[in-house]
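**Student:** Fit chain B to the known structure of chain A by using the hints.
Those protein sequences? They're chains A and B, same order as listed.
In terms of the working numbering, the first sequence opens at residue 67 and continues consecutively.
In terms of the working numbering, the second sequence opens at residue 177 and continues consecutively.
Read the hints as simulated data drawn from the structure, not as lab findings.
One or more hints might be untrue.
[Unchecked claim] Pairs of lysine to aspartate or glutamate, DMTMM-like flavour, derived with a Cα cap of 20 Å:
#, chain 1, residue 1, chain 2, residue 2
1, B, K282, A, E315
2, B, K358, B, E315
3, B, K358, B, E382
4, B, K282, A, E105
5, B, K282, B, E302
6, B, K358, B, E346
7, B, K282, A, D225
8, A, K173, A, E163
9, B, K358, B, D380
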Amino acid sequence: MSKPKRESLAHLLARTRWLSPVLLLLLWELGSRIGLIPERTLAAPSAVLGTLMSMTLSGELPSNLLISFGRATLGLAIGASAGLVLGLMAGLSRPGEAVIDPLMQIKRTIPVVALSPLFIVWFGIGETPKIALIAFATLFPIYLNLYNGIRSVDVRLVDAARSFGLTRAQLILHVILPGALPSLFVGLRYSLSLSVLLLVIAEQINASAGLGYLVNNARDFMRTDIIVLCLMVYALLGLAADYLVRLLERRALAWRPNLVEA
Amino acid sequence: MDARVAASASTEFRPVTTTFAADPRQPDPVVRLRGFTRRFGANVIIDGLDLDIAPGEFVALLGRSGSGKTTLLRTLAGLDDIGGQDVTIPGSRAVVFQDARLLPWKRIWRNVALGLGGSDIRARAEAALREVGLGHRLEAWPLTLSGGEAQRAALARALVREPQLLLLDEPFAALDALTRIKMHELVLSLWRTHRPAVLMVTHDVEEAMALADRLLVLDHGRIVAEERITAERGQRTAVARPLRARLLGHLGVDAPEGAYADLIAFPGAAR
Chain A
67 MSKPKRESLA HLLARTRWLS PVLLLLLWEL GSRIGLIPER TLAAPSAVLG
117 TLMSMTLSGE LPSNLLISFG RATLGLAIGA SAGLVLGLMA GLSRPGEAVI
167 DPLMQIKRTI PVVALSPLFI VWFGIGETPK IALIAFATLF PIYLNLYNGI
217 RSVDVRLVDA ARSFGLTRAQ LILHVILPGA LPSLFVGLRY SLSLSVLLLV
267 IAEQINASAG LGYLVNNARD FMRTDIIVLC LMVYALLGLA ADYLVRLLER
317 RALAWRPNLV EA
Chain B
177 MDARVAASAS TEFRPVTTTF AADPRQPDPV VRLRGFTRRF GANVIIDGLD
227 LDIAPGEFVA LLGRSGSGKT TLLRTLAGLD DIGGQDVTIP GSRAVVFQDA
277 RLLPWKRIWR NVALGLGGSD IRARAEAALR EVGLGHRLEA WPLTLSGGEA
327 QRAALARALV REPQLLLLDE PFAALDALTR IKMHELVLSL WRTHRPAVLM
377 VTHDVEEAMA LADRLLVLDH GRIVAEERIT AERGQRTAVA RPLRARLLGH
427 LGVDAPEGAY ADLIAFPGAA R
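For reference, chain B alone in the conformation it holds in the complex:
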């Protein structure tokens, strides 16, 4: 498998395959793909992909534009027809998109409550919005929210469903740097509280290293690298440097180990 080959190049981290098959301690994965392939006409977008995601695991999916990230995410979100392939996804899942995709004609709390059943949906929506710090914007119209607020609302809308699988599709890419830091903190704290399995699509290596337990690099529809970070969040400075260089290498950037300030100092390094 590509994943095995690429990951074995690293020495600092245990090479792991994308599948974690016969470990009896592992609970059943919430996501399980075997040899998943997706093509549009002659274009192969996803090519024989194996993927397992354990309950409560935080996985980051890195890849360049056109690597198949979005297609994979749509499959995991249940938006595309899988055509009878070996795909297991949990029944309760939720997506946060890059653009918040709130329905502009519904007030914020109604957006959060969208599709919920039961009698106490207003209370549940309120609680979720308070959790993301939007308790004061319940009755606002979505088009009056700032970008950060809209993403908070989108997070609340996802979490109110208590999903087993939370899919984040570059949810912070459109936010300014300061808002993004706050959103990272919020996502981590929500993840610790609710413990969904998370698959976060991003092309921000720093973001992936800060948030995830496991990082996958997708290229031409295959997982070409997998890295597991065992260091606790908050104690990752030491592992971040070499890891960043390796990940950027997988993404097609020949970068020396170092901070971003130095990375772009070599014109022509990007392939």
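Just chain A, same shape as in the assembly:
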């Protein structure tokens, strides 16, 4: 008697996955209202919403968001381009592999964040070290996945293409690069989430604008509402980046069976 009942409860919970987050929000709001959670510790959800409205209307949030977005995009663009070029060179030529791969493996052992003091010495505390940090971090996943993707292209497909007399350029264009594309997307995903992570870290370096600047300022004035708001924006940036890759994948990898069926 009790078993089917329990199952239907599990079923119901599975369909209402939004319930627990909403419940948490309500508890949080309630705790703030009755004074259980002081505003200095954590601002109420309603307060965060209000701050979102006012900072959006004043233009403070959009302008700083734009600056942060620009840093992440520029850093990612530089890092991804470098990773792309290096991955192609190492993947497509043995001499390229012999020269590039050892350097990349050495680079991998150094935690990127540990480089920030050196970058500050080199580039000062302006925009350059922030962008350099993001670029340096996002380079590697693109490089590694592209290089591996190229090297693990099905050799039987390469043989078949060669048997039809394809030139090396045609082989790269029609067989090797499309075959490596799924791996490249994996790398791109890693790089995108790294770019947001490194953005947060880089903006701790004496930023005079951007989301990190907002957070640092809010910390000094104990404005937990602004801090929580910026955390939300960071999360949304990460989500948007993931969505973008999914969109690209759906277009570029339409041939894959799971997407074909969908």
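**Tutor:** Just chain B now, with coordinates in the frame of chain A:
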């Protein structure tokens, strides 16, 4: 030569050597190998092999696993470096592999058109696909095709090049029996229309006898037997029985003459 010795054991068929040298009526062969040897380290895969294939000839190459079939086929496909040996292969050749090896990221017609030059490649690919009965699948993704359809597409991709030499590497081995019969019919009709020289690697004796004019048995990198079938296709029932027994003998199976239903009735017959 091994080929001569082995073939002379048969009485019903003219013993022929793999080479058909000084016959003025014969056109120049499209494939010509003399003393071809291929080794990997100390392993000799192909051992002093002579082979001629005439234009339009349908040759089946039988052999057990590890006999060198695949290596020979790769050489004829131009995939391996021949290292300056006496090897003549035609400029236009195409391969159909056991696994269709279509590029999964290209639609079917683009797979067929792969590497083609010219302005009307779409039309040519379409025509080839219609010829193999896939005119309705032009825009499909390869991973959505059945095994038989994929092999048809692979055939179209080979034939659209109008090759002088068509290499078939066990192209029907992965198909179910009914699909295989249809594919045999298709290959024969395509061969009659386009008349490429065909070298079909197989270890299916029945398939070889049904399709080919000439059958070669490869063992340890040498051609150990050669049989020419002069009977027309469709009228081979009489020659098939003794021929099957001989071919199976060359392949290392001591089998009495008879249908497959009886062949496996003697445990231990296979060496």
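**Student:** The structure should be examined with respect to each hint, and the outcome stated for every one.
**Tutor:** The hints, checked one at a time:
no.	hint	verdict
1	B:K282 / A:E315	holds (15 Å)
2	B:K358 / B:E315	violated (23 Å)
3	B:K358 / B:E382	holds (15 Å)
4	B:K282 / A:E105	violated (58 Å)
5	B:K282 / B:E302	holds (15 Å)
6	B:K358 / B:E346	holds (15 Å)
7	B:K282 / A:D225	holds (17 Å)
8	A:K173 / A:E163	holds (15 Å)
9	B:K358 / B:D380	holds (16 Å)
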